[in-house]
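Undergrad: Take a look at the letters that make up each chain.
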Amino acid sequence: MSTDLVVSERDRRWATVRESAASAGLDGLLVPIGNGSDSRYLTLIRGAVIVIPAGGGDPVVVMDQGQSNSWVPEPRSTVRSWGRPMVEAVQEAGLGGGRIGVAGLGPGRWSHVTAGDGVVTDAPFRELLRSLPRATFVDATDLVGCARAAKSAAEIALLQESSQIAESGLARLRDVAVAGAPEASLHAAVIKRILAFGSEYRPHEIAVDGNAEPQVAHRLTMGQVITATVSGAAEGYTVAETDSVIVGAEPPYWAAQRTAFREALTLAVKSVSVRSCAMDIVDAVDAVASRSPCDIAVHVEGLGIGDDGPFLTPDRESREARTLPFVPGQCLSVTLRVSAGGHRQPYIGSCSIAISDGIGVPLSDRHELMV
Amino acid sequence: MVATNRSGATGVLDSISHAADQVPSPGASTSEILKASGIIRGGFSIEERDRRWRTVRQAARISDFDCLVVPRAVGGVNLCLSLEQVRGAWSDARYLTMLEDAVVVLPVDGRDPIVITPAPDSNRWIEATRTPSQAPIEPTWPLVVDALNELGMGRGRIGVVGMKGGKYTHTRAYDGVVAHTSLTNIRSSFPRASFEDATDLLGVCRSQKGPEEVQSLALGSRIAEEAIKTFRDTCHVGMDESEMYALVMARFLELGSDYYSLGFRTGPIGVRYWRIVEPRREHPILENQFFQLEFDSLINGLISQEAQPMVFGEVPASWKKMIALHEDFWWSSFELMRPGNNLGTLIDFCRAYGPKNGLRSSDILMHGRGYGNDGPLLTPSDPGTRSMRDIEFAPGNVFVWKPTVGMDEPGRNGNRAAMRFGWGGNVVVTEDGPKRLFARSHGLISIQ
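Protein chains in written order, with this note's numbering: chain U, 1 to 371; chain W, 1 to 448.
So here's chain U without its partners, still in its complex pose (with noise of 0.2 Å):
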């Protein structure tokens, strides 16, 4: 990967959700294990438990099996129990009488959006709680995804290498769509150019006329309309990309939802600022399809690490993601489904923002958006 995170970007972390705890009156913060993508963004690790006292002590980390990095070249070590390694974290900072906000134990406005049950262990957890009663735990999802939520400049260079790895295993499926391809080939073509990049493996979908599940011997025949989500993945910074190829020549339909999308989504790229919300890209989008032949469906989603906020879908959508204003580094995707009406297929394409000096940036120039 061309970006490295260096240890001035782990400090900038430790300090920001280190006095947020203070300022909620917290004595300290945990992420247990089962939190990966917290426990990533603090340590670089998926498979570790971090303690980050408020008052200003050393974090006390555990990592599996004598894992270390550059930010915590010195972990606490495990073999694969938790529990007891995690109660002695939590002593070792000086936090077992005291008020403890645990990331992960619900779903966070910021991250974690779609964990309704939470991600935090049964077991480990539950024997913290019998072995340290004077504790009171609290949870504190929010104030971990809040700091994910604002990037700093080479988060932001990470997603852009994302999404450009992303762009590029899309250019790579239209060059191989053609008549009597079979399925599985796609799926290699697409894979072995992310990967040649280096990226981290992330699910991609590829669907046919709509059948995301994949007939691998089936051979694509003219007309058909393939429909592809390829995420790139540098450092863990996951951006999925969206785009739509009609086989063959396309058919006046297919341009009309074409243009219909390229307007909806310079509009709502533009809607997207530090003062601003989701709500404000839905407006901006309805008041495109307002006045096009087109049905245009809009489902956002954060950018990070891994279930970041906000989340709004079609037919799925929460008021409090629907006004919950952008912060400065925030990153989101967009993503449009352009629908002309009939048996016909719609056009589905994304795009992903980045809100850079208080306005929204695409991270890729395969729009061309007019902003």
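Check each hint, because a few of them may be wrong.
Unchecked claim - If you only want the chain W side, here are some residues facing chain U, beta carbon under 8 Å, derived: (1) D14; (2) V77; (3) C80; (4) L81; (5) P136; (6) G156.
Hint data in this document are derived by calculation from the structure and do not stem from the laboratory.
Note that the coordinates shown come from a computational prediction; the quantities given were computed from them, not determined experimentally.
All residues carry an ideal CB built from backbone N, CA and C; glycine is no exception.
With chain U fixed as given, assemble chain W onto it according to the hints.
TA: This is chain W only, laid out in the frame that chain U set:
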């Protein structure tokens, strides 16, 4: 058993042994393998679903449970302890429903299971799932509470799958995989019910595969061997590791496997290195670089593995004797995997083989194959002393059998063997004894 509901059905799979043979031969072309993938990877039959549910209910009844619950597990994106564990996090629901990220409430009295998913889902086995009104952002546990009430489990004895690591499944997740908030709310809603761990109850059922599962795993082995050929025939000194990785993974997908990361250790021959499971850029392959590779394929959710070492150069003369002894070790230990024998027999044999044959070490290395994080897991550092010895081999068990041997390099002494060699692949235990699901010859592949 007839493998129904598959276009171009593969016919009658009347035994595990027969099922293992119902895949393309080693000489098959890409299109022949792809055609077989297209048929086999269509999912499992209703008969297979009913076999699993029947087996699990029967085991639960014997253990006096009224109901089994597979609660919401922390997914592999967040609970990430190893590659296998990541895939294993949702494996129980996958086994019972062929769905990802599902919650299952299975009464033992024969009533249909209630399946809950964070977002609407269905397949051939499950016509419809229950879903929170604000899917996927709301929790699933209130629907589990509703389901248990509906089934009359207010005072029931309820088995919870995945509460802790088991001997047969979740073997690397010692603390289990269940989400704390979900289980806590379910428990507190039923103060008169009892909740007990049932990880091994379901795990045993999962470990005894039916013919359709064995056929999928056999196809997985065949595809993995094709990926080995791709590595052997196209990778070369100077190629970047990320390009090698991309070539191999593309071959898996081209032949109909779903994605499962290539895992390997690499470095100069004779040196130990950390395990790598993602592509690395700017790491060109060097002369005499050694790769200990695990080629895993994924067919119908089941993971197959073929372990194959390769070296970009000549096999050192000092290694040849060790490799020959490994072949004898592999075959003679393999023969012990038959119904009636237990793991203790195998453990003792492995331990004794090395000293008898002039080796520094002869270590067991195996684990179950299935939907992810399958056991028993026996490794050189944990060779099955934790109550594994009494586990008996049973028809339908599928393991990756890849024991290792170590020798001292001539002229060098140390606490650990300087040269180590491991090799192996998928094996199935049949009524008549063990059977390989792969076909390639034993050895260290030399690429020059």
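Undergrad: So, against the hints stated earlier in the document, which numbers end up violated here?
TA: 1 and 6
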